[in-house]
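K.L.:
Listed below, chain by chain, are the residues.
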Amino acid sequence: MIKKVLISGNEAVGEAAIRAGCRYYFGYPITPQNQLTEYMSWRMREVGGTFIQSESELAAINMVFGASLAGARAMTSSSSPGISLKQEGISYLAGCELPAVIINMNRAGPGLGNITPSQSDYFQATRGGGHGDYRTIAFGPSSIQELFDLTYLAFDLADKYRNPALILGDAILAQVMEPVKLKKIKKRLPKKPWALTGCKGRKPNFIRSLYLTPGVLETHNWKLAAKYKKIEEREIRYETYYGADSNFFLVAYGSCARIAMGAVMEGRKEGMKLGLFRPISLWPFPYKALEKLAEKGKKFLVVEMNLGQMFDDVKIAIGNKAKISFYGRPGGGVPTPKEILKEVKKR
Amino acid sequence: MKKVFGRPKSLTTEKTIYCPGCGHGIAHRLIAEVIDELKIREKTIGIAPVGCAVLAYDYWNFDVTEAAHGRPPAVATGIKRVHPDKIVFTYQGDGDIAAIGTAEIVHAANRGENITVIFINNAVYGMTKGQMAPTTILNQKTTTTRKGRNSQSDGYPIKVCELLSSLEGTTYLERVALDSVPHILKSKQAIKKSFRNQLEKKGFSLVELLSPCPINWGLSPQESLRWIKEKMTLTFPLGVVKDKT
Ligand SMILES: Cc1ncc(C[n+]2csc(CCOP(=O)(O)OP(=O)(O)O)c2C)c(N)n1
Ligand code: SF4
Ligand SMILES: [Mg+2]
Chain A
1 MIKKVLISGN EAVGEAAIRA GCRYYFGYPI TPQNQLTEYM SWRMREVGGT FIQSESELAA
61 INMVFGASLA GARAMTSSSS PGISLKQEGI SYLAGCELPA VIINMNRAGP GLGNITPSQS
121 DYFQATRGGG HGDYRTIAFG PSSIQELFDL TYLAFDLADK YRNPALILGD AILAQVMEPV
181 KLKKIKKRLP KKPWALTGCK GRKPNFIRSL YLTPGVLETH NWKLAAKYKK IEEREIRYET
241 YYGADSNFFL VAYGSCARIA MGAVMEGRKE GMKLGLFRPI SLWPFPYKAL EKLAEKGKKF
301 LVVEMNLGQM FDDVKIAIGN KAKISFYGRP GGGVPTPKEI LKEVKKR
Chain B
348 MKKVFGRPKS LTTEKTIYCP GCGHGIAHRL IAEVIDELKI REKTIGIAPV GCAVLAYDYW
408 NFDVTEAAHG RPPAVATGIK RVHPDKIVFT YQGDGDIAAI GTAEIVHAAN RGENITVIFI
468 NNAVYGMTKG QMAPTTILNQ KTTTTRKGRN SQSDGYPIKV CELLSSLEGT TYLERVALDS
528 VPHILKSKQA IKKSFRNQLE KKGFSLVELL SPCPINWGLS PQESLRWIKE KMTLTFPLGV
588 VKDKT
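Residue numbers (this note's numbering), protein chains in the order written: chain A, 1 to 347; chain B, 348 to 592.
Just so you know, these hints were derived from the structure itself, not from any lab. Please note that a few of the clues may not be correct.
To be verified - Computed beta-carbon distance windows for the label pairs:
hint	chain 1	residue 1	chain 2	residue 2	range
1	A	Lys-4	B	Lys-356	52 to 60 Å
2	B	Gly-586	A	Trp-42	41 to 49 Å
3	A	Glu-232	B	Glu-547	46 to 54 Å
Unchecked claim - The following residues of chain A were derived to be distant from chain B, with all beta-carbon distances above 10 Å:
hint	residue
4	Thr-31
5	Gly-66
6	Met-177
7	Lys-200
8	Glu-239
All C-beta atoms in this analysis are idealised placements derived from N, C-alpha and C, irrespective of residue type, glycine included.
Use the sequences and the hints to build the structure in full.
P.N.:
Here it is, written out as structure tokens:
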């Protein structure tokens with residue numbers, strides 16, 4: 001039997017990576033994800049893996065780039081300002097079609113901001129983030145178990161699609177402790193004939209994102225587009241709570257969805273027909289599922305810990321089919337269930 | 348009949364697109380000859396830079412990747428940690444190694460990564476058409492130092508070997524030049540040593556090659572070779588800067 005252990009979000013991510021077969025971790029300290037870097041510093045060595053405390057986030061993501069092109073499962077983690085620095089590398093990973101897992105324990109910005117929980121990096125996580133026309137798989141877990149499961153899954157999807165995958169957490173998820181059912185340590189990892197391992201017995205392999213010949217880059221980008229379409233068709237994840245009998249839905253992800261769920265329970269006690277739609281994959285976004293839920297007469301309130309970023313995706317999904325409004329707290333503000341319920345009653 | 352000269356197996360038959368008199372082609376060939384002679388072609392992984400040599404993977408006949416500008420030492424670190432028994436080298440220009448990638452080279456060197464770095468010092472940004480590089484010498488004219496590099500406003504040329512020599516993690520640092528046949532032969536010996544060090548797990552080795560860029564120096568190929576000898580080597584003296592082997 002696989003037993004449950006009580007661990008923090010930071011530790012859950014680290015353990016999930018190890019169990020998914022990741023043996024290369026590169027990171028640079030930044031709150032609120034330091035426990036993850038610290039965890040990897042001893043845990044990687046315990047399992048015979050490599051841990052490097054790099055000189056910067058730029059170096060860390062490029063070490064991931066190197067380990068990944070060499071055929072290994074590799075991960076880096078950071079928080080918002082550090083994720084900005086990693087964007088150069090993420091763009092190169094996407095261009096070179098290299099798998100990697102990147103963790104962002106989102107803190108409040110812009111600039112140095114502060115270390116309180118925030119969802120202010122949603123745009124960056126779901127729109128590529130760096131330069132160029134690309135996408136990264138992005139998951140927004142809302143419990144420590146889900147953080148563990150999605151990190152574990154992210155390695156498989158990154159390899160399957162040869163694309164970077166991102167986990168968007170926040171300061172709450174990073175530090176809260178919850179019981180987690182661990183998964184088995186992966187023994188068999190996918191073969192990577194494209195990796196650079198020395199050309200013994202084969203033609204040389206090249207990994208690059210430069211395509212100087214006119215038209216060749218366009219072809220490459222169309223190939224990427226076809227891959228993104230496949231991901232959009234297959235990798236959408238979400239949950240609907242009280243979908244059948246609700247006429248008012250909250251839409252929230254991550255820790256904010258946990259708080260929104262609190263509001264739903266309170267509201268239901270008062271006899272309100274309140275439900276929750278929770279996107280789990282932020283890219284690809286569950287547009288169709290949300291559209292299906294929307295009908296004339298229903299109302300939707302998007303709740304985020306930012307100024308309204310996922311709000312744009314909800315608008316794309318629902319359009320004029322139902323009434324949509326937004327409630328958010330930027331700069332580290334964390335709404336309470338009561339506060340959310342008050343907003344519901346206003347609309 | 349005995350074959351006495353031929354194309355190294357580690358070079359492809361692709362024609363290079365370098366300007367006449369450029370040093371990159373010579374450096375590529377020296378590396379290829381060394382890799383052939385050490386019989387490591389099938390276990391070598393090269394990292395091309397952003398710079399004129401960005402297309403090096405078209406010319407080398409072994410596994411090659413290309414890193415973001417300045418990041419080859421971090422990429423090499425990732426590769427080498429996965430494949431400690433493979434031979435990993437970076438090929439970097441002066442802008443790549445001593446401007447945008449200063450942090451990456453200093454820290455890879457300081458960690459004593461068991462890699463080889465081939466550093467092409469041509470005292471300009473070749474690819475972007477001749478702006479000042481961190482290694483542009485004083486009074487040298489470039490497109491961003493029209494009246495010549497002035498230490499007051501533009502700072503001083505960076506001596507990469509000397510800078511790295513104070514780091515305990517570095518094993519072997521040598522500066523050579525591509526300005527004459529004897530010096531080219533000497534360069535090959537230095538490159539060979541830097542690869543052999545890696546094979547013998549001796550640690551971080553870097554070979555700096557003073558390399559001509561006639562087009563951006565505004566000189567003919569012949570004048571460029573003379574300029575290396577008469578001007579460049581005054582700022583960048585040739586020789587072994589550090590050898591712990
Ligand atoms: C992040 C980034 N900044 C700037 C550039 C533009 N750029 C391309 S090559 C180069 C300079 C290369 O000079 P050097 O490293 O000396 O190589 P060389 O061409 O002289 O061999 C620059 C600034 C870039 N590609 N990426
Ligand atoms: S610009 Fe200079 S370094 Fe670049 S190919 Fe021409 S001569 Fe060589
Ligand atoms: Mg240069």
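K.L.:
Determine for every hint whether it applies to the structure shown.
P.N.:
Here is how each hint holds up against the structure:
{"no.": "1", "hint": "Lys-4/A x Lys-356/B: 52 to 60 Å", "result": "57 Å, holds"}
{"no.": "2", "hint": "Gly-586/B x Trp-42/A: 41 to 49 Å", "result": "44 Å, holds"}
{"no.": "3", "hint": "Glu-232/A x Glu-547/B: 46 to 54 Å", "result": "51 Å, holds"}
{"no.": "4", "hint": "Thr-31", "result": "22 Å, holds"}
{"no.": "5", "hint": "Gly-66", "result": "2 Å, violated"}
{"no.": "6", "hint": "Met-177", "result": "32 Å, holds"}
{"no.": "7", "hint": "Lys-200", "result": "4 Å, violated"}
{"no.": "8", "hint": "Glu-239", "result": "36 Å, holds"}
The structure fails to meet hints 5 and 7 from the earlier list, while all remaining hints are met.
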